[in-house]
Structures are given as C-alpha cells and as structure tokens.
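Novice: Read off the chains here:
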Amino acid sequence: MSRLHDTTEPAVVSEDMLVFAVESQGPKGMAGRIAKEEGVNFSHVKSLRLDYRNILRIDNVWRFTNLTKLQLDNNIIAKIEGLDMLVNLVWLDLSFNNIEKIEGLDTLVKLEDLSLFNNRISLLENMETLTNLHIVSLGNNDFNDLNSLLYLRQFKKLKTVCISGNPMCMNEDYKLFTTAHLPNLDYIDYRAITTEMRTQANEKYRDIVEELIAEELSESRKQEEALIRRQQETLHKAAFVDLLDGSGLFDSMYESDPDGNRLQEIPEIKELVDSFREQFVEQCHQIFEFGIKEHNRRQEETDQFLECLEEAKTENRHLCVQQVKTFLTYKKTVFPIMLQTQDVDELDSLMEAYNEKLSKISSCLTGLELQLVDQLEETIKEFERNISDMITAYVEQVQAMFAQCRELENMHNEKLVEQCAAVLDKVIHNSPEVEALTEDLRLLFVDKDSMNNAISSSHENHIHEIDTKEDCMITGVNDWVAAFIGRVHEEEEVKRNRHRIMEINHFIDYQTEELDNLELEEAPVDQ
Amino acid sequence: MQDCSHGLKDVVYDLGDCTKWEFMFPSNEKPVLQMSQSGEQLADMADEEEFEEVEKFIDMPHSWSQPLQITRKEFQLRCPHGKKTVLYKRAKLEKYTPYLLSDGMVAKLYIYKDDEMHSLSITREFYENRIDHLERRQHNMDTGFVTEYFKKGKKNALREHYYKVRSQGPESERTMIFDSHMRVDGLVRREELATEMTEHYVESTDFLVYKHTKFGKRVKIFGPSSKSARPISCIEEKFKRNPERSVSTNLALREFDIASDTIRLTYHHEPDCVTAATQEFIKPPNLDEKRDGTVNLFEYLSSYQPDPHTPKPTNLQLYQQLDSLIKEEWKAQARVIEILNERRREEARTELDISIYDVERNEKARKQRLAQVQQEKEDKNREREMDTDYLAPFLTRFSSSEGALKRSQALRVKDECLQDLKQRLIDKANLIQSRFEQETNELQKKQQWYQQCQTSMSKEDEEEYLSYCSASMFRIHILEHRLNKHKELAPQRYMALEQKLRNDARLADLL
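Chains X and L, in that order, give the protein sequences. Using this note's numbering, the letters of the first sequence map in sequence onto residues 5 to 531. Using this note's numbering, the letters of the second sequence map in sequence onto residues 808 to 1318.
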C-alpha cells in the first residue's frame, strides 16, 4: 500500500481518462469506428475498468448510469464516494485500495459481487440495502473479531465469502466458525465447503447458533407484527375511521379538556364518566364498523368499475389490433406487386387503393376510439351516480350516528350538572367529604358560575371533538370521491384518448411515408 | 424288457419282476387291485398311508431318449431357417428371428380387405435392435402414407414420422413429432412440404413457438457436388412474450428474408397500444470487419415506434443489433441445413444395435477374441521355431559322410551360412527400397493429377485427396525409417552370426 504512494502523483478521474478508458475498452473493428465517429455516450457504457491508475478520489463517474460492472482495483482510493448514481451496478471491484470504512453503497441495491480485498477495513457496516449480494471478498483487511461476520447473516443470497488474511483468521477455527454461522455459504476463501466440514462446524457451534436463530426469529416475528399493525392503521385511515375502534375518540375528547379531567377526581363524577365512557365507546364502535363496511362497499364498487373499464378497453384494443393486422397483411402483399409492376397506370391504381385503404383504416381506428370514449364516458357517469348515491346514504348514516353521540354527550352533561350541583352544595355546606378535594378542584367549586363555566366549557370541548371527527369522516369521503373521479377523468378519458389519437396519427403517417419511400426507390425504374 | 413283437399278447404283468419291468417304486410289493371298502377302513388306510408315505418316495426313471442338444444359434433361430409364416383370416403374419434380416425386421403383418387376400389394406412391420430406434412402421395402402414409430431414447427424440411412400427423400412432404421435453429446443412438431418447413415448439428456453422456413428454387451448380442444398429464401420465427423483459425489447416476430437481404422485426404490443413496434433492416452491402470506414445504418433501417417520443437508438446500437441479427441468421440457416442433412444421413444407414454382451454378433468383441486366439497361436509357433536348428540345412549335405565333419567341410558350412544371411539381408533391403520407390511414384502421380484438376474438384474429393496424401507420406516415412534401420543393423547381424558360428559346438573344434 505504500508503493507508488510517495513516488507518483495521484491521478484525477478526468474526462480524458474516462473517454480514453471507454474507447479502449469499447467495441473493436467496425463497431469501434462507428462508436468513435458517434462520440462517447457515457450513459450507454455497460462496463468500465479503471485499474492501476493511481486514482485517489472516485469522481465524475455519475454519468455512467447504466454501468453494471466497475473495476477500480489497484488504486489509492481512501473513501467510497460518488457511486450513488450507478444504481445498476452488479459488480464492483474496489480491491487493493486504501479504504478504511464501508460507506456510500446504499443505493447500489442490485450489487451482486463486491470486492473489498486488501484494504484497511475493520468493521462491516452500511450494507443493509445490498440484499442481492452473492459474493463478498473481504480478505487482507483489518477485521479482528470473528463475531463481526454475523453481520453477513442478513444476506440470504450470499454464497461466497473471502476472509483470509485478516487478523481474525489467526484463529484456526475461523472457517468452521464461518461455516456454522453463515449456513447459506457454499464457498469460503474460494474453496467449496465440504459436507464433513459442515457437520463438524455444526457440532461445534450448535448451541450458539441455535440461540442466534431463536433471537433472529423473535426479532422477525416482532417486525411482522409491527407490519400488520401498520397495515391495519393505513386501512383505518383509508376508511376514515381511525380513532373510532376503541376509546380513541373518547380519550382525545378528554385530552384537551382539563376541567373535565379535574372533575373526575370526585368519585361520583368518576363513576358517571365511566358509564358515559362505556356507552360512548360502544357508539364509536358502531360507527367504526359501519365505516369499515362502507369502505369495503366503496372498494368493491370501484374495483368493479375499474374492471369494467379494463374490459371495455381490452375489447376495443383487440378490435383495433385486428384492424391494424389486416391492413399490414394487405400492405405486405401489395408492396411487392408495386415494386414489380412496370405499368404506370397499374401502379397508380394500386397506390390509390393503398391510400384509400389507409384512410379507411384511419377512420375505422378513430371511429373505434370515439366509440370507446362514449362507452367510457357512460360508464364513468354511471359510476359517478352510483358512488354519489352511496356517499349520500353514507353521510346521512354517519350524521345520524354522530347525532347519537352528541345525544349521549348531552345526557352525560345533564347528569354531570346535577352531580356537580350536589357537590357544590356539599362544598357550600362544608361537609366533611369535601375535605378530601384538592386545591385545584376546590377552585372550580368556588361558586356556581365558575362551576357552570367549567362544565359548559368541557361540554363544548367534547362537542367540538365530535364535530371535528364527523366532519373529518364526511369531508374525507367527499374528497376521496372527488379525487378518484378526477383521476379517472384525467387518466382514462383525456390522457388515454390523447395517447391513442397520437398513436393512430403516427401510424398513419408512417404508413404514408413508407409508400413515399417505396416510390422514391421506384423512380429510377420508371424512367 | 419284454418282447413286444406280438403286441401285448405275451406281456407278463408281474410288476415286481425287475427283469421284466423297470424298477420304479421303492417297494417290491405288487399292486393289488383293491375292492371297495367300508369308510372306516378307508380312513384307517389313509392314516397308515400318511404314516408310511414319509419314507416312500417316487424315484423318477431315467429318460429313454437322449438329452436334447440345441446349440445357442439354433435356439436363437426359434424356428427352422428363422422364418415362419402364419395365415389368419384376411391377414398374414411373417415372423423373423432377430438379426436375421439386415434391416432388423422381426415381424410383418399384412392385412387384407377381402377373404381371398388379394387386395392389401395395411402392412405393419415390427423392428428390433435398430440403431435408429425404429420400432414399428405402418404402411397404409389406401392413402399411401407411411407412419414410423420410434422408441424413446432416440438421439433427436423423434417419436413419429409420417410421409408419403412414393417420395421418401429428405425434401418431400412429411410430418415429424418429437418428444419436446427431451429436446433442449422444445421442438414438438415439424412439417415439411416441398418448398417449406414449419416447426412448432413448446416451452423452449428462448420463447420460440413457431418457425417457418421457405425454400427457393435450387440453383444448378455444375461440377461433382450434384446434391447441393436448396437455397433458403425466408425464415420466419414467432416468439412468445418473455415476461421478464420489457416490452420494447420483446420480439414477437423475426423474419429473415434471405432472398431480398432484409430482416424484419416485429415486437409485442405495449399494454395500451394498438400498433406494434417494427424494424426493417436492409442488409448493407459488404458489411464486414475488414472494410474501412463506417456505415450509417439509419439509411438501411425503417423503424416504427407506436410512441413517437421514444428516443432513437444510436448508430452503434443499431450496428451491434444488426451484427447479432446477421449472426443469428447464419445460425438459423445452418440449423435448417443440419436438420435436412441429419435426416438424409439417418435414412442412408440401417445398422443394428448389438449388445456388448452378445459375443456372437458383436463384431468388436468377436474380433478381439479371434485376435487373442491368433496371438496364442503365434506364441506357440515362435516357441517351436526356437527349437529349429539354424545349421540343419547346411549340415544335411554332409550328413551322408561319417559323423564328424572335416575342417574344410566345416569352413564351407560356415561360409555358406554367412553367404545365405548376406543374401537375405540384401534381398530385404532391395524389397524395402523398391516399395519405397513405388510409393513415392504413386504420390507424385497423384499430386500431378491434383494440380491438373484442382479447379474442377468437389470438396469431398479434395478431402479424400488430402487424406490420401497424409497416409502416403506416412507410409513413405516409415519405409525410409525401416530402410535406414536395416542398413544399420545388417552388419551387426552378420557379425553376430559369425560369432555364433564360431562358438557353435559342432564347428568350434574345427575352426
């Protein structure tokens, strides 16, 4: 590693160097001459070799976006950088450099073969995203601890690993250790793992490995559970019923309500709130169920609608393809005749027939397209009608249900007022039970006004929360419908139609052009 | 034995008499005609018999006839001359021993339409041990079609083969059915007509499903190679959609229009497009590596993309694409020619497959055994020769005189003996020399002939000539080598004989 370092200047990855490398490694012969004439286009290069060039810093390679193989071995690179854009890399060779840390490889998710042989790396890290790794070469580095190899367990496709020449390989059993801890491997240090070796390794490290597996299993289970939970949450959000399954809404009602919370310190009121909570949660659950049901119905409806659209489009497309095919077969038969005929009149009539056919197919394709547009429009309208009916019913139902919620709240409020009046009575009469009340609470019960204020503000808060939720459920659905319909209009009607019309026109143009080209060839024959 | 010349009149039925009757049962008791007995007695008898039968056993008498002597060959022949004909109603069956007929036929069934067996309807031939795995051939006289069925394990996985009986050559109408899963390319069916060939594929790795080859008119070539292949005018290949590749690189149809030097490509439809992308290359003239300069392939290409905004490929990409296409075209042509040749070769030879354990028929095994026997014989001969006296022919002349030889006689014997050896050595040298000259002359003549008619020579003849040359050179070389060696060894041999004569007990005293 100290070689050359002191004697020669480090090289910079310059345009000239890259062009030279691409040209010298590119195709030979005729292809090479064409390539030279056309100039170098870095984004078309598939593989690049920049070895033995004394490069210090990886630079200027971001334009090689289609590169699959990059060799940077035998340089003096100190840091892995500038490779983020090369997302198509499958093979990366960084052996015989001065790298100390693994980094900057996160975006290279297609990487299968990574060589970091003969560097100064001491830690395996920052490679979590490289799940496609098949071969990793880590020999002649500074790995001290065999346990660091456990990092490689996450790569399920890893088949070959090279680790010899590291300090940790002073341990005679390092091969057995690796075999036992990385059971997917087939080769260690470029030698196949024999069956005996595998059994020996498994016997030796069975306990540790089993423990490891158990740990990993529980870890993965946890992740799965989290995933399921997340999926459920997104589903509830999509159905606009988040917080409604369980006591979510109720809790949020009391969250922004300090007075209500304070009042709960009185045992009687606590009882009251508990029973209210029970009823309210029950009501919420009903709304939740209804919301999920409605969401599924909407989903079904939209699925059906999209299916209908797809069907209509496929059918139409089939017809169009058939038309195009018949035209192309006609063209295939008529062109040779045109080329062969010597008779100018016949040629003219043939060309006329061709043009006629062309205009016919043009109008036919456009007609089919128009038909499809009508069909789609009708379907979309019908869908709109259906879904808006559905939404109206939904909104009514939701409103009714939330009215019940408010009813409950009102009832609860009345009871609360009664109860509080009783408490106030006690406070005024200084009954002994009141002694237990905290200072905060006592402040509420200073006089009737402040008590009423507290209660009404709590009530208002609650009603506000409920209103917000109701609003959210209704506007959410309306927004969703508007967005969906808008998208359908945009994509299925406008965009698709434009695309198709453009395609038809382009096709017709091309066919006309073909005839013109044919005539050009024809011209000298005529004379 | 009793005299039976007068029939059974004088036969004495005293079975216990060993001189009159052959000993057969272990006891000497005469069989007694038993009268009907009561059930009890019978039961008793049965009990007793059971008891006694343990010791009684039947000793089968020796056969009166000689043991059958059937040689292996006769046994395998199955019936006299290995042929048998059986007649049924409206049918005739001929059976043959395996290996009797050179084409391996073991049975032939004729099925007639009428009871008089005049008009033939179907013949079926059954084969065994064919090296081409032919199992059965059916010839339908009404339609004129022949169907051949092959066993599993044939090299090209052919299972069935239909063709018209009148036109059996490789260029006639035929249908072949293959075991698609036994073939790498997944071919299931090949139909040939006089000017075209259609192939169907199933589950081929390159997603090929259909291949259609058209042949043009044969161009007459004058010269020794009369059987030139039909020129291929067009190869058309259809591909299934490869789900792993993007649509734009997914070929649906590839046409090599060889007659007009055009390659047409049609791609699969993009999911929401009604037209498919097409490319049409006209092969630029002299597109080879040796030519200097470059070529602008846009002039030779007409391409249609359903989306007019697709980026245009570069000239280099086009060149590489065309280059690989042309290579594909060569490959496709070579394959078609190979298919036709394969069939021709196969039809030409009808060898039988012989098990290596069949020492009678397996030529190689038999030769090896014969060679072994020969070797043993030669070894014995050599041993015998060692015993012959090399001086005997010279000594016989003097043997008439008294026992011991005179000195002059001994000298003469010695001289004659040496002279004889010398003569033989010279003869041998001359023989080698003459053969050497003869071989060289022949080679020269052949070379002259080759130079004269080199231009009008077919490839096969040329190859033959070349192989002859190398063989001849080899022979010349060997002869030269032997001559040199002979010259080297001759004096040594002479000296050795002289030495031997000097030491010979019969002459030593006299010399």
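Just so you know, the hints here were simulated from the structure itself, not pulled from any lab data. Fair warning: there could be bad hints in the mix.
Far from chain L, by Cβ distances over 12 Å, these chain X residues were calculated [said to hold, decoys possible]:
#1 Glu41
#2 Arg157
#3 Gly252
#4 Thr318
#5 Cys324
#6 Ser367
#7 Leu372
#8 Glu373
#9 Asn417
#10 Trp484
#11 Arg504
#12 Ile508
What follows is a list of derived Cβ distance ranges for each label pair [said to hold, decoys possible]:
#13 X:Pro340 with L:Asp949: 39 to 49 Å
#14 X:Thr135 with L:Arg1052: 40 to 50 Å
#15 X:Asn501 with L:Ile1144: 47 to 57 Å
#16 X:Arg195 with L:Arg1052: 18 to 28 Å
#17 X:Thr198 with L:Lys962: 52 to 62 Å
#18 L:Pro1091 with X:Glu27: 15 to 25 Å
#19 X:Ser51 with L:Asp1165: 26 to 36 Å
#20 X:Glu494 with L:Ser1109: 56 to 66 Å
Backbone N, C-alpha and C define an ideal beta-carbon position, used for all residues, glycine too.
Novice: Next step is simple, just say for each hint if it's right about the structure.
Specialist: Hint-by-hint comparison with the structure:
Non-interface call for Glu41 of chain X relative to chain L: violated, since the shortest CB-CB distance, roughly 5 Å, does not exceed 12 Å. Every C-beta of chain L lies more than 12 Å from that of Arg157 of chain X, the closest at about 29 Å, which supports listing it as non-interface. Even its closest Cβ contact with chain L, about 43 Å, leaves Gly252 of chain X beyond 12 Å, as expected for a residue assigned away from the interface. In this structure Thr318 of chain X is not separated from chain L by more than 12 Å, as the shortest Cβ-Cβ distance comes to only about 10 Å.
Against chain L, the non-interface label of Cys324 of chain X is violated: not every CB pair exceeds 12 Å, the least being about 4 Å. Consistency note on Ser367 of chain X: stated as away from chain L, and its beta-carbon is indeed over 12 Å from all of that chain's, at 15 Å minimum. Leu372 of chain X, annotated as away from the interface, has a beta carbon of chain L within 12 Å; the closest lies near 9 Å. Not every beta carbon of chain L lies more than 12 Å from that of Glu373 of chain X, the smallest distance being close to 9 Å; the non-interface claim is violated.
Residue-level check passed: Asn417 of chain X sits 59 Å from the nearest beta carbon of chain L, beyond 12 Å. Every beta carbon of chain L lies more than 12 Å from that of Trp484 of chain X, the smallest distance being close to 25 Å; the non-interface claim holds. For Arg504 of chain X, the non-interface assignment is contradicted: its Cβ lies about 7 Å from the closest Cβ of chain L, within the 12 Å cut-off. Distance to chain L contradicts Ile508 of chain X as a non-interface residue, since its nearest Cβ pair spans about 8 Å, not more than 12 Å.
Distance hint check: the CB atoms of Pro340 of chain X and Asp949 of chain L are about 41 Å apart, consistent with the given range 39 to 49 Å. Look at Thr135 of chain X against Arg1052 of chain L: about 22 Å separates their beta carbons, and that is not inside 40 to 50 Å. The beta-carbon spacing between Asn501 of chain X and Ile1144 of chain L, approximately 51 Å, falls within the hinted interval of 47 to 57 Å. For the hinted restraint 18 to 28 Å between Arg195 of chain X and Arg1052 of chain L, the CB-CB distance of approximately 36 Å leaves it violated.
One distance hint, 52 to 62 Å for the beta-carbon pair Thr198 of chain X and Lys962 of chain L, is violated here, with the actual separation near 37 Å. Hint check: Pro1091 of chain L to Glu27 of chain X, Cβ distance near 24 Å, so the stated range 15 to 25 Å holds. One distance hint, 26 to 36 Å for the beta-carbon pair Ser51 of chain X and Asp1165 of chain L, is violated here, with the actual separation near 58 Å. In this structure, Glu494 of chain X and Ser1109 of chain L break the distance hint of 56 to 66 Å, their C-beta atoms being roughly 35 Å apart.
Hints 1, 4, 5, 7, 8, 11, 12, 14, 16, 17, 19, 20 from the list above are not met by this structure, while the remaining hints are.
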